[in-house]
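Student: One-letter residues, chain by chain:
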Amino acid sequence: MPQPLEHETALFDKHAEEWRKKHLGQFVLIKGDEIVGFYPSLEKAFTVGTGRFGLETFLVRQIVPKDVVNVSLYGKRIHVA
Amino acid sequence: MSSSAARKRRAAEAQAARKLQREPVVLQFDYQPGALLYHGPIITTGLTITQAHADALTAAGSPVPPVVSCRFLIDTGADGCVVKHEFAVKAGLKLINANSPLAGVGVDTTGKTYMGRVVFGVPSKVISGAVHSMSVDTQVMSGDLKTTLFDGLIGRDVLQHFVMTYDGKTGRVTMQYHKPSP
Numbered sequence: 001m002p003q004p005l006e007h008e009t010a011l012f013d014k015h016a017e018e019w020r021k022k023h024l025g026q027f028v029l030i031k032g033d034e035i036v037g038f039y040p041s042l043e044k045a046f047t048v049g050t051g052r053f054g055l056e057t058f059l060v061r062q063i064v065p066k067d068v069v070n071v072s073l074y075g076k077r078i079h080v081a
Numbered sequence: 001m002s003s004s005a006a007r008k009r010r011a012a013e014a015q016a017a018r019k020l021q022r023e024p025v026v027l028q029f030d031y032q033p034g035a036l037l038y039h040g041p042i043i044t045t046g047l048t049i050t051q052a053h054a055d056a057l058t059a060a061g062s063p064v065p066p067v068v069s070c071r072f073l074i075d076t077g078a079d080g081c082v083v084k085h086e087f088a089v090k091a092g093l094k095l096i097n098a099n100s101p102l103a104g105v106g107v108d109t110t111g112k113t114y115m116g117r118v119v120f121g122v123p124s125k126v127i128s129g130a131v132h133s134m135s136v137d138t139q140v141m142s143g144d145l146k147t148t149l150f151d152g153l154i155g156r157d158v159l160q161h162f163v164m165t166y167d168g169k170t171g172r173v174t175m176q177y178h179k180p181s182p
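Protein chains in written order, with the working numbering: chain A, 1 to 81; chain B, 1 to 182.
Keep in mind that the hints were calculated from the coordinates and are not lab data.
Being a predicted model, the structure only gives us computed values, none of them experimental.
Incorrect hints may have been included.
[Unchecked claim] Below are the DSSO-like pairs computed for lysine-lysine, each with C-alpha atoms no more than 30 Å apart in a straight line:
hint: 1; chain 1: B; residue 1: Lys-169; chain 2: B; residue 2: Lys-179
hint: 2; chain 1: A; residue 1: Lys-31; chain 2: B; residue 2: Lys-19
hint: 3; chain 1: B; residue 1: Lys-179; chain 2: A; residue 2: Lys-44
hint: 4; chain 1: B; residue 1: Lys-125; chain 2: B; residue 2: Lys-19
[Stated by the list, open to error] Rough simulated footprint, nothing fancy, chain A against chain B, three-plus residues with beta-carbon under 8 Å:
hint: 5; segment: 52-62
hint: 6; segment: 131-142
[What the hints assert, rightly or not] Selected chain A positions facing chain B (in silico; Cβ < 8 Å):
hint: 7; residue: Pro-4
hint: 8; residue: Thr-9
hint: 9; residue: Tyr-39
Cβ coordinates follow ideal geometry from the N, Cα and C atoms, glycine included.
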């Protein structure tokens, strides 16, 4: 059984390199096979997606230089040798 | 009510609204300095869905989930927000990415990103009973945070809307909200 957004994620991965050259920093909205558009903000992409697709699933993802998107350092102690 | 009384009431309401608009909105948290050193600034605030999502639920005749109270660690080392998976589900957040890698210490991510809203409330000091309500719509990753001290992290995506001060000596942390331009 396919996972939610599996198809959209595959489409994103297929185009990611190309989009990094043209749309770096923007948010892409994808539904099924359709690349709906590129938006300057998360809120804009989400609002367009919700307006068009309502409660159906759709992918919104920022086009970033690499695929690691968050670094958090919390913990009681970080030891440095 | 006479028209004169109604006019006075409207004028008083308008004056109160102006006072509220001018009032700086500052969240203030006071900790024992030792606790702040050890745990970091942990605040309790609300997590919910965005207005666009709520509108879509209402249009579909579905109930809008209530705001979920979360204990967040203010984490200037995180570029985005993270919550324990059950809180994202409980708040009814909308899944927008099912494959989002996350690197960090103490975070085991589910790889899922949701669209959510972090809400804050600050009682006014100039108008009794009034509360300043602010919210930040942002993407929220879900993960397995291996702690019982807090339920999530607030990252720089939310902090960009605030001026934050951290006084390690007194234990006071403040967050002043950048009001949007009228």
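Student: It remains to establish, for every hint, whether it holds in the given structure.
Tutor: Evaluated hints:
With a CA separation close to 28 Å, the supplied pair Lys-169(B) and Lys-179(B) stays within the 30 Å bound. Proposed proximity of Lys-31(A) and Lys-19(B) is contradicted: the alpha carbons are some 46 Å apart, above 30 Å. Simply put, Lys-179(B) and Lys-44(A) have alpha-carbon atoms about 20 Å apart, close enough for the 30 Å limit, and the pair holds. Proximity of Lys-125(B) to Lys-19(B) is assessed by CA-CA distance (about 10 Å); at most 30 Å being required, the pair is judged to hold.
Given a C-beta distance limit of less than 8 Å, the hint that chain A covers the segment 52-62 of chain B holds, as 8 residues qualify and 3 suffice. For the segment 131-142 of chain B, the stated coverage by chain A is satisfied: 4 residues place a CB nearer than 8 Å to a CB of that chain, which reaches the threshold of 3. Among the interface hints, the one on Pro-4(A) holds; its C-beta lies about 5 Å from the nearest C-beta in chain B, closer than the 8 Å criterion. Hint status for Thr-9(A): holds, given a least beta-carbon distance of 5 Å to chain B, under 8 Å.
Interface restraint check for Tyr-39(A): the shortest CB-CB distance to chain B comes to about 12 Å, outside 8 Å, so the restraint is violated.
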